[in-house]
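All chains should be built: construct the whole structure from the sequences, respecting the hints.
Protein chains: 2
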Amino acid sequence: MSALPNVNEHDKPKVEAVVLLSGGLDSATVLAIAKRDGYACHALSIDYGQRHRFELDCAARVSKAIGGVDHKVVRVDLRAFGGSALTADIDVPMHDRVDEIGGAIPITYVPARNLVFLSLAVAYAETLGAMDIFIGVNAVDYSGYPDCRPAFVQAFEAVANVATKAGAEGQRVRINTPIIALSKAEIIRTGSSLGVDYGLTTSCYNPAGDMIACGHCDSCLLRRQGFEQAGVVDPTRYAVTPIGDCR
Amino acid sequence: MSALPNVNEHDKPKVEAVVLLSGGLDSATVLAIAKRDGYACHALSIDYGQRHRFELDCAARVSKAIGGVDHKVVRVDLRAFGGSALTADIDVPMHDRVDEIGGAIPITYVPARNLVFLSLAVAYAETLGAMDIFIGVNAVDYSGYPDCRPAFVQAFEAVANVATKAGAEGQRVRINTPIIALSKAEIIRTGSSLGVDYGLTTSCYNPAGDMIACGHCDSCLLRRQGFEQAGVVDPTRYAVTPIGDCR
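Protein sequences, first through last, are from chains A and B.
Going by the numbering used here, the first residue of the first sequence is number -3, and it counts up by one from there.
Going by the numbering used here, the first residue of the second sequence is number -3, and it counts up by one from there.
With a straight-line cut-off of 20 Å between C-alpha atoms, the simulated SDA-like cross-links for lysine to any residue are: (1) LYS161(B) - PRO146(A); (2) LYS60(B) - PRO231(B); (3) LYS68(A) - GLY45(B); (4) LYS161(A) - ILE103(B); (5) LYS161(A) - TYR138(B); (6) LYS161(A) - ILE176(B); (7) LYS161(B) - GLY78(A); (8) LYS161(B) - ALA84(A); (9) LYS161(B) - ALA100(A); (10) LYS68(B) - GLY78(A); (11) LYS161(A) - GLY140(B); (12) LYS161(A) - VAL136(B); (13) LYS68(A) - ARG75(B); (14) LYS161(A) - ALA135(B); (15) LYS161(A) - GLY78(B); (16) LYS161(A) - ILE86(B); (17) LYS161(B) - ALA76(A); (18) LYS68(B) - ARG71(A); (19) LYS161(A) - GLN150(B); (20) LYS161(B) - TYR138(A); (21) LYS31(B) - LYS68(B); (22) LYS68(A) - ARG71(B); (23) LYS161(B) - ALA147(A); (24) LYS60(A) - LEU190(A); (25) LYS161(B) - VAL136(A); (26) LYS68(A) - ASP73(B); (27) LYS68(B) - ALA76(A); (28) LYS161(B) - ILE101(A); (29) LYS161(A) - THR104(B).
Chain B residues, not near chain A, derived (Cβ > 10 Å throughout): (30) LYS31; (31) ASP53; (32) ALA177; (33) ALA181.
If you're looking for bench data, these hints aren't it; they were derived computationally from the structure.
Glycine included, C-beta positions come from ideal geometry on N, C-alpha and C.
Quick look at the structure:
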């Protein structure tokens, strides 16, 4: 009787997961967390007609750098509906300070975007036989989008489990949101400790050029403040003077 | 003081709705029902890379004939995921009799299709300010798809109401499924009484040509049986001999 072979850590079958990857800071961190936790990560980016389409190139580089199994870009034309500064000819609001963000849901909200994205992730997961989906929603340092809140994620997980063949057959789809309760600074610290190169990511809604951020949209302001508060050097190239000089 | 003007019935502001329209029999009936019930109907079709893409032309004709306010086709590439006979190079199962359909969820199931479609309908409705969405799901004479069941619709309505700006602000999105509990024959009788021209619709998953149905896929068999049971002449052109000769 022969002994069982030694199983190297790298030979263990990994649990497959679909990770929504925008090319931004949050989803890059989520990919690194899912990787750390042992998932075989299939990165999924959505080309939805976004103004800041350059983020898709960033997503490809981020997936490669962090070690996604593969990276798929799927097209859905949300520009056909418009209704957002990111998908229609509407100016992106610009501010000088983070405390100017808040109150009403801003015009950068893309109607039902995370509902559409998670639905596509469920479709992809089902074809892979994966039961885990990761998304970088965050309900702390965010722009007040309704589809970033825990109540949304819980309701989505419920519908995912009756929408699909796997769910109908008794398996359970999980929507994993490892950064939902973290501040932007905590996200950056976590990602930095996992070796994420944030210089590959972009957060800007209104870039002045490839990898040149405007520095004044909600997303830039939250990112800048996050690096400051985390005590981590911000690798972002901004088109304008740093935040300290804007006050 | 002037008297209030007479308001003609046709001048009343109508409630706006998004109606998912595939070009098939079921959704054509749903559009006619929504129109009868006084909704201003924005028809929405999804070009998802389906094998039977010809149904999109049918949808345009159906919307015009029934009187949709407008008809929008939105693209989402579900062929990028595959996993179904409708979106990958997999043969559509063919049968001779309706009683051969059933049991396991068939390979014509497109992973999470109605989840994706309804999510897009919610996105569109939100840009229109519409709170009503209509979908022609049916849980009686159907192929056993999980995303046609009442439990799915209820769970989806719940997530739609936390996913959106309107929901976050206290308004209520309604997912209307007027034919979910009808047999195919009842659907056909209802549509016929509302003047639906079923000759404009197509149900076939595997058409032999534009408006020539295979007669042997699940969808053709259910359609044929529905017309027979309804006692309504079936306007469909089939590539094969009628059902009576196939037994």
